[in-house]
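J.: The lines below spell out each chain.
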Amino acid sequence: MRKVFLEIAYPFQKTFYILGRNIDETFSFFGSIGNMRQENERLTIETNSLAAQVASLQEERKENENFREQLRLAPQNKFDLEASFVIGQDPQNLGSWIMIGKGSVDGIQPGMSVIVSDGILIGRVSETNIHSAKVSLLTDSSNTVNVSDLETGARGIIKGAYGLGMMMDMVAQADVLNNGDTIVTSGLGGDVPRGLLVGKIQEVKASPDKLFQQAIIIPRVRYQKLDMVFVIKK
Amino acid sequence: MQNIFISAIIFFSVILQTSLLPNFFASGMIPDITLIIIIIWTAKFDFNSVLKWAILAGVMVDLVSFWPIGTDVLSFVVIAFSVNSISKRFLVPHFAWKFSVLMLMVFGGTLLNSFTVFALMKIASELNRTVEPVVMNNNLFLKSIFDVVVFVIIYWPVERLGQIFAYHNNRIMVKR
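Chains as they are written, first to last, in our numbering: chain A, 106 to 339; chain B, 292 to 467.
In case anyone wonders, no lab produced these hints; they're calculated from the structure. Among the clues, some could well be false.
[Stated by the list, open to error] No farther apart than 30 Å at their CA atoms in a straight line, the calculated lysine-lysine pairs in the DSSO-like style are these: (1) B:K389 / B:K343; (2) A:K108 / B:K413; (3) A:K310 / B:K343.
[What the hints assert, rightly or not] According to the in silico footprint, chain B covers these stretches of chain A (three or more CB under 8 Å from chain B): (4) 109–120; (5) 151–157; (6) 186–195.
A virtual CB, placed ideally from N, CA and C, is assigned to each residue, including glycine.
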């Protein structure tokens with residue numbers, strides 16, 4: 106029943122979302138001074154892209170240092186990416202999912218990773234319809250991804266905090282986490298490719314049982330302002 | 292014909308809520324345009340005539356929100372019943388007062404909707420682990436304010452549409 110309804114709603118959702126984006130951009134444009142907004146957007150995209158590249162390069166450097174074991178890391182330009190527009194968002198809750206305009210007919214399957222701007226992970230496909238799919242964002246409490254600290258190599262699991270943010274958990278007390286460190290996917294488990302940028306550490310603290318360390322992670326992108334995303338096909 | 296039109300209005304309100312309004316409002320503050328329409332119609336007409344539309348609206352919102360079907364249905368029906376009861380108990384002749392009472396109902400309806408959905412989802416996630424739990428919206432006050440603003444904007448067109456359909460209905464009944 107849900108699939109049928111979403112199939113009927115798909116063209117309307119797509120049209121209204123793009124219309125909304127255009128209206129929003131038009132108002133924002135007039136509200137900005139000169140080209141500052143566009144320049145800011147360009148720089149933000151460039152910064153995100155460079156941050157992702159730095160993360161990737163540092164990861165590659167570490168790969169070389171660790172000899173052949175790192176060869177399993179797939180280069181980002183080798184990913185089989187499927188570009189898609191965002192066509193809807195969680196209207197009631199705190200924005201824990203988005204709808205994208207590509208579905209099973211385009212080869213999208215549940216579990217596939219979804220990225221933006223050259224390798225910034227935003228979530229995973231959780232449900233697919235014929236022409237659309239639901240992407241659970243990293244801030245969703247049902248989402249867990251294996252990650253590592255790029256600077257120190259500390260490993261852990263990132264979990265969504267009910268749409269409010271992200272928490273890196275299960276980090277051993279012996280490992281080192283620092284504020285501002287970059288968090289990337291570790292590739293453990295094999296469901297999410299290695300080396301995708303997740304965010305930066307904002308705060309480090311001990312878990313309630315004092316057995317592990319936890320860190321609050323700030324995402325690299327604003328999930329609410331997503332326009333186009335890329336699904337990494339398996 | 293009337294049913295198709297009202298269904299279409301509800302359908303497009305759900306689409307607006309899911310795909311257009313998220314572009315202008317922050318997460319957790321997106322106005323519940325479907326709920327506002329149900330409240331306006333309930334205040335204008337009566338519970339029995341709006342009940343089926345409240346159920347339809349609830350089903351559509353549940354479908355598009357990926358929640359168990361029935362969550363918003365129950366919430367919308369409870370709100371429609373409450374609005375109907377309050378409307379009958381607080382009969383105010385002056386339009387300004389009537390409008391103010393309706394604004395309060397929208398404010399209260401938004402809060403009630405959030406609490407009802409939160410409670411039902413909490414129960415659903417306890418009973419079925421595959422259902423994702425939701426967290427109480429900490430922007431609820433602002434969301435309610437936005438709902439009231441949207442209500443002020445859409446009140447006359449929505450009420451007018453309701454009147455057209457009511458007139459259409461009466462004409463058919465006279466012919467019979």
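J.: Give a verdict on every hint.
T.: So, going through the hints one by one against the coordinates:
no. : hint            : in the structure
1   : B:K389 / B:K343 : holds, 25 Å
2   : A:K108 / B:K413 : holds, 24 Å
3   : A:K310 / B:K343 : violated, 51 Å
4   : 109–120         : holds (count 6)
5   : 151–157         : violated (count 0)
6   : 186–195         : holds (count 4)
Of the numbered hints stated above, those contradicted by the structure are hints 3 and 5, listed in ascending order.
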